[in-house]
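*Asks:* Heads up, the sequence shown is in the working numbering, so the first residue is 455 and it goes up one at a time.
Calculated from the structure, these hints are not laboratory results. These numbers come from a predicted model, not from an experiment. Among the hints, erroneous ones may be present.
[Said to hold, decoys possible] Here are the simulated distance ranges between beta carbons:
1. I521 with Q467: 44 to 52 Å
2. A530 with I556: 23 to 31 Å
3. T503 with E474: 38 to 46 Å
4. A530 with R493: 23 to 31 Å
5. L466 with R496: 43 to 51 Å
6. A463 with P533: 24 to 32 Å
7. P549 with D464: 47 to 55 Å
8. P513 with D464: 44 to 52 Å
9. L466 with I521: 23 to 31 Å
10. A514 with P549: 25 to 33 Å
11. E477 with R518: 24 to 32 Å
12. P533 with L499: 16 to 24 Å
13. L520 with F470: 38 to 46 Å
All C-beta atoms, glycine included, are put in the ideal place defined by N, C-alpha and C.
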Amino acid sequence: MTSEPAASADNLQAAFDRSERVEIEPPEAKSLASVLSVRMSRDLLKELTEAARSVGKGPATLARELIEQGLVEDFAASPALIGRVLSRLLTQLGPVAQASFISSGGVVPSRQGARGSALLGEVA
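Turn these sequences into a full structure, and let the hints guide you.
*Replies:* The following block contains the structure:
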């Protein structure tokens, strides 16, 4: 008769022997190396948390996306940042918006008062 811990170890070894090796890379580990601490009221943090949960995100992720979007809309953002924000917005809007964007030649209309505008990744 085999003892219970020995049987568990044998089962674990058998499962390990049947497994395949996989490489796992952390997502954007290098690009998210900087930290910015932001003071806000409890009410604002509560609203941010509720908004983030409503779209299935964490509050830090939503805050970062909102900051990126604000930079693109109101300042002369880099082409890389514009591309990231545009890609995220088109994904959120779905296939109809993506088709409309492509059929318009990739033109993103600038908002009045915005310092930057984009034409498929270029800053005007």
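*Asks:* Does each hint hold? Answer for all of them.
*Replies:* Tested hints:
| no. | hint | in the structure |
| --- | --- | --- |
| 1 | I521 with Q467: 44 to 52 Å | 49 Å, holds |
| 2 | A530 with I556: 23 to 31 Å | 25 Å, holds |
| 3 | T503 with E474: 38 to 46 Å | 39 Å, holds |
| 4 | A530 with R493: 23 to 31 Å | 27 Å, holds |
| 5 | L466 with R496: 43 to 51 Å | 47 Å, holds |
| 6 | A463 with P533: 24 to 32 Å | 55 Å, violated |
| 7 | P549 with D464: 47 to 55 Å | 51 Å, holds |
| 8 | P513 with D464: 44 to 52 Å | 45 Å, holds |
| 9 | L466 with I521: 23 to 31 Å | 46 Å, violated |
| 10 | A514 with P549: 25 to 33 Å | 29 Å, holds |
| 11 | E477 with R518: 24 to 32 Å | 27 Å, holds |
| 12 | P533 with L499: 16 to 24 Å | 32 Å, violated |
| 13 | L520 with F470: 38 to 46 Å | 44 Å, holds |
Comparing the model with each earlier hint shows violations of hints 6, 9, 12; every other hint is respected.
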